[in-house]
Amino acid sequence: MRQVRLTPQALKDLKHCDDPTRERVKEALRHLAEHPLDGKPLKGHFQKEKVCSYRVWPYRILYRRVGSEWLDVLSIEQRKDVYR
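All the letters of the sequence shown, read from the start, carry residue numbers 6 to 89 under the numbering used here.
FYI, nobody ran anything at the bench for these hints, they're computed from the structure.
Only true hints are included.
Cross-link-like lysine-lysine pairs, in silico, DSS-like; alpha carbons within 25 Å at most:
hint	residue 1	residue 2
1	K85	K20
2	K85	K53
3	K31	K17
4	K85	K48
5	K45	K17
6	K55	K85
7	K85	K17
8	K31	K20
9	K55	K17
10	K31	K85
11	K55	K31
12	K55	K45
13	K85	K45
With the hints as extra help, turn the sequences into a complete structure.
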């Protein structure tokens, strides 16, 4: 199982979620720690940084795998705002 690190932006995003959504996001992060390949690799300007997206409706968790032990969560945003 990988260790999950949240960037300051991801922590800020998580604090802005309501309680039920925050719990769903935390559950999704636990799932990603065990199954980091379940996310979808992104294209475009995200591709060179090897960023992946995991869906927690209506939010997307943007993350990247770092080595074999770490998972860096970059942001947790609504879908309408992520891909701009």
